[in-house]
Amino acid sequence: MLLRFFLMGLDRKAGIVLTILAFLAVAVPVLTLWVPADSPFHLSVFTVSLLGKYLCFALLALALDLVWGYCGILSLGHAAFFALGGYAMGMYLMRQIGPRGVYGNPVLPDFMVFLNWKELPWYWLGFDHFWFAALMVLVVPGALAFAFGWFAFRSRVTGVYLSIITQALTFALLLAFFRNDMGFGGNNGLTDFKDILGYDIQADTTRVVLFVATVAALALSYMIASGVIGSKLGKVLVALRDAESRVRFMGYDTESYKLFAWTLSACMAGVAGALYVPQVGIINPSEFAPASSIEAVIWVAVGGRGTLAGAILGAVLVNMGKSYFTGALPELWLFALGGLFVAVTLFLPKGLLGLGAQLKAKLPGRKASPLPNAQTANQATGQTAGQKGA
Amino acid sequence: MSAESTLLYLDGVSVSFDGFKALRGLSLVMMPGEMRAIIGPNGAGKTTMMDVITGKTRPDTGTILFEGDTDLTRLREAAIANLGIGRKFQRPTVFEPHTVWDNLELALKAPRRPLKTLTYAISRDDRARIEEILDITRLSALRSRQAGSLSHGQKQWLEIGMLLAQDPKLLLVDEPVAGMTDAETEQTAELLCSIAGKHSVIVVEHDMSFVRALGVKVTVLAEGSVLAEGSLDAVSANQQVIDTYLGR
Numbered sequence: 001m002l003l004r005f006f007l008m009g010l011d012r013k014a015g016i017v018l019t020i021l022a023f024l025a026v027a028v029p030v031l032t033l034w035v036p037a038d039s040p041f042h043l044s045v046f047t048v049s050l051l052g053k054y055l056c057f058a059l060l061a062l063a064l065d066l067v068w069g070y071c072g073i074l075s076l077g078h079a080a081f082f083a084l085g086g087y088a089m090g091m092y093l094m095r096q097i098g099p100r101g102v103y104g105n106p107v108l109p110d111f112m113v114f115l116n117w118k119e120l121p122w123y124w125l126g127f128d129h130f131w132f133a134a135l136m137v138l139v140v141p142g143a144l145a146f147a148f149g150w151f152a153f154r155s156r157v158t159g160v161y162l163s164i165i166t167q168a169l170t171f172a173l174l175l176a177f178f179r180n181d182m183g184f185g186g187n188n189g190l191t192d193f194k195d196i197l198g199y200d201i202q203a204d205t206t207r208v209v210l211f212v213a214t215v216a217a218l219a220l221s222y223m224i225a226s227g228v229i230g231s232k233l234g235k236v237l238v239a240l241r242d243a244e245s246r247v248r249f250m251g252y253d254t255e256s257y258k259l260f261a262w263t264l265s266a267c268m269a270g271v272a273g274a275l276y277v278p279q280v281g282i283i284n285p286s287e288f289a290p291a292s293s294i295e296a297v298i299w300v301a302v303g304g305r306g307t308l309a310g311a312i313l314g315a316v317l318v319n320m321g322k323s324y325f326t327g328a329l330p331e332l333w334l335f336a337l338g339g340l341f342v343a344v345t346l347f348l349p350k351g352l353l354g355l356g357a358q359l360k361a362k363l364p365g366r367k368a369s370p371l372p373n374a375q376t377a378n379q380a381t382g383q384t385a386g387q388k389g390a
Numbered sequence: 001m002s003a004e005s006t007l008l009y010l011d012g013v014s015v016s017f018d019g020f021k022a023l024r025g026l027s028l029v030m031m032p033g034e035m036r037a038i039i040g041p042n043g044a045g046k047t048t049m050m051d052v053i054t055g056k057t058r059p060d061t062g063t064i065l066f067e068g069d070t071d072l073t074r075l076r077e078a079a080i081a082n083l084g085i086g087r088k089f090q091r092p093t094v095f096e097p098h099t100v101w102d103n104l105e106l107a108l109k110a111p112r113r114p115l116k117t118l119t120y121a122i123s124r125d126d127r128a129r130i131e132e133i134l135d136i137t138r139l140s141a142l143r144s145r146q147a148g149s150l151s152h153g154q155k156q157w158l159e160i161g162m163l164l165a166q167d168p169k170l171l172l173v174d175e176p177v178a179g180m181t182d183a184e185t186e187q188t189a190e191l192l193c194s195i196a197g198k199h200s201v202i203v204v205e206h207d208m209s210f211v212r213a214l215g216v217k218v219t220v221l222a223e224g225s226v227l228a229e230g231s232l233d234a235v236s237a238n239q240q241v242i243d244t245y246l247g248r
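Note that the protein sequences, when read in sequence, are chains A and B.
Residue numbers for the first sequence follow the working numbering, beginning at 1 and rising by one.
Residue numbers for the second sequence follow the working numbering, beginning at 1 and rising by one.
Because the hints were derived from the structure by calculation, they are not lab data.
Please note that a few of the clues may not be correct.
[Said to hold, decoys possible] Distance condition first, Cα-Cα at most 20 Å in a straight line; then the derived DMTMM-like pairs of lysine to aspartate or glutamate:
no., chain 1, residue 1, chain 2, residue 2
1, B, Lys116, A, Asp204
2, B, Lys109, A, Asp253
3, B, Lys56, A, Glu255
4, B, Lys56, A, Asp253
5, B, Lys116, A, Glu255
6, B, Lys116, B, Glu132
[Unchecked claim] Calculated from the model, a selection of chain B residues having no Cβ within reach of chain A, i.e. all distances over 10 Å:
no., residue
7, Asp18
8, Ser140
9, Ser151
10, Asp207
Glycine is no exception: its CB is placed at the ideal position from the N, C-alpha and C atoms.
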C-alpha cells in the first residue's frame, strides 16, 4: 500500500527532481572528499554547507507550497515551525557539549550556568538522546500546528485573516524566545556545538553526511508531498482551495483536510530546521522573525506555487541570489527581494515553472492551449466562492 | 400532519438577518420520491430556505426534520450532506482545475474521511458508476477535459452529474436552467424528471416554461412563507399569487 502511495505521485516532473537530488547526493561527496583540493572540480566544505543550507530552505519552501499552493492557506508564519524543529535539534547538540563548555558544567549548558540556574528545566530532559530530539523535531511543530489549525480552521478563519494570525504566531514566539527566562538561550540562542551522534560537527565527513541527509530528507518529503497531491485527498485539497463551501456540501469535512495538510507541512518544516541548525552552527530567535516567513513565501512565488518542484527551484535560486547580493551589494538586497516579488506577481503569476506554458500560449502560429485561460477564470471564481463561504 | 413518514419536514422556520426577516414561519413537507418546484419573486426566501436545510444558515426558530427524526438544525454542512442531502447552487460550481472525471470521482458516494481518501483506489463498481453518470449527463466525450473549459450548460450538467454521483436521498436544485438555451433547458427538464422517483428533488426556478415542463406540484413562496401550493395551473389562477407577482 505504501509503495502504491509513492508510485501514485511519480510523474515526469517527480522523476526529474529525484534524479537531480540523487545526482547531488553522489556528486557532492565525491567532489568534496575524493577530488584533490587543487583540482578545479573540488568543492570546498564551505560550499557544501552552503548548498545544504539552500536545500533546508528548499524543504521549508516545499512544506509551504503544500499548504499555500494546494490548500490556499497563505502561511506567513511557516518559519516558526522551521525554527522549532531547529531548536529541538539545537537542544540535543547543546546537551552533547557536556563538560566541554566554558564553565565545564557536565549537565547545564553555559547560558544556564551564567543565569545561575541550578538544575536543568524539565523541558530539557530527554534531549541528551538523539532519538528523543529527532522525535521532538516532528512532534513540537506538528502539535503546535495541529492546535493552531484546530482552532483556526474550526472557526472558519480563512484568507488574509488566517495569514495575519500565522504572522502573529511567529511574532509571539519570537518575543518569547528572546526572553532569557524561557531557558532557550535568549537573544544568543544555542550555539558552540561540538559533535553530533559522537562525530565532530566541524569535520569534513560530518558536513558531507549532513548534506546527504538533507538531500535524502528533501527527496523523501517530495515523494510524500507528491503522493498526497496525487491521491484523492490531494484532489479534495485543490477542490477546497477553489470552492470550499461546495466541497463541504458534498459531505467532506474540509477542516480536517486542511488540518491534515497543515500539520504534515509543519512537520516537514520542522525537519528542515533540524537539518539547518547543525550545518550553520547556530539557532537563535531571529529565525522566528516575520521576515523569514515572508521570504519563504517569495521563494515559492518565484518558483511557481502549486508545483512542488517550483518551490525547491525558487528557494535555491533566491538564496543563491541572496548569498551573492549580501556579499557584493549588501544594502541593495532587500530592494532586490522586494522588486523580485513584485515582478513575479505581475509578470510570472505561475512562477518560473509556469514560464514555459506562458510562453507557449503567447507564441504566434501555435494553437494556444486553453489551460492558462481556464486557470485565470478559475482563480477568479475561486475567490468569489471563497468569499461566499466566509 | 405527523413528521414520521416524511422525508423533509419544515415547521415554523424563521430566519432574520439584521432585522430583515428572510423566512417567517415557513412550513413545508416533502414525501420520499417526491419532486417539487418552488417559485416566488426575488427576496421570497427561496435561497435562504436551501441554506437552512443544508446547514449553511441556522434558523432562529422552527423545526427541520429529515426522515422524520434527524434534527438538521444541530448539524454542520458536511454531516447534513452525508445524511443524503445534495445541493446544486445557482451558479454552477464545479472544480475547475480538475477533469470532468475527477469532479465526478470526488462527488461519488464513498468514505469521506481524510485517511480513507488518502488511500483510495478506484474500484470497478465506482468506475462503472462514473461511466453511467457520464452517459446520463452526455459528458462521456469530455471526460478528460478540464471542468473550467466547459460551456455554461455543460457545467450545469456536470454539477447535476456530481449530485447524482453523491446519490442523495434529497436533491436541492437552485435555478438549474438560468442562462441556458431553450434546447438545453428542455434537456435539463428531461434529466431532472429521470432522476425523480429514485431521489426526491426540490427545484427552485424562475423560468415558468421550465416549471411547466417538469409538471410537478408547485409551492409559491412570498416574503418568507408559503403563499400557495398545488399544480402550476391552480397556483397561476390564484388571485393572491397574481397580486404578488404582478403587483410589485
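In ascending order, which of the hints set out earlier in this document are inconsistent with the structure?
-> 1 and 6
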